[in-house]
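Make a model of the complete structure from these sequences and hints.
Read in order, the letters of the sequence shown correspond to residues 1 to 88 in our numbering.
You may find that some hints are simply not true.
Cβ pair distances, simulated, as ranges [what the hints assert, rightly or not]: (1) SER82 with LEU48: 29 to 35 Å; (2) GLY39 with GLY19: 27 to 33 Å; (3) SER63 with GLY9: 29 to 35 Å.
Since the hints were made in silico from the structure, they are not lab data.
From the three backbone atoms N, C-alpha and C, an ideal C-beta is built for every residue, glycine too.
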Amino acid sequence: MPRFDFRVGSTDVVVEWMGIAVRRVPISDISRISKRLKGKPEIWRNTLRANHRMLVIYRKGNSRPLLITPSNRYVFRNKLESAMDRAS
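Rendered as structure tokens:
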């Protein structure tokens, strides 16, 4: 299983693999964050049993949601929501 790291930057959410950014989602493009999944997501996960760590980022428009598995989803969600408040 590949090891992805997730971080919240000042302008975007970054998915990194071995220190290389493989996916960026602008914070201005995020409409909401949830624990529950609806639809077919774009999956970036670190574990086989992702239910207890799953966080879904819904984007504006017709983009697919982004499913990530940070080590502590509630801390990551709070960081992301505060970054969204600063951006708006």
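Comparing the hints with the structure gives:
no. : hint                         : verdict
1   : SER82 with LEU48: 29 to 35 Å : 31 Å, holds
2   : GLY39 with GLY19: 27 to 33 Å : 31 Å, holds
3   : SER63 with GLY9: 29 to 35 Å  : 19 Å, violated
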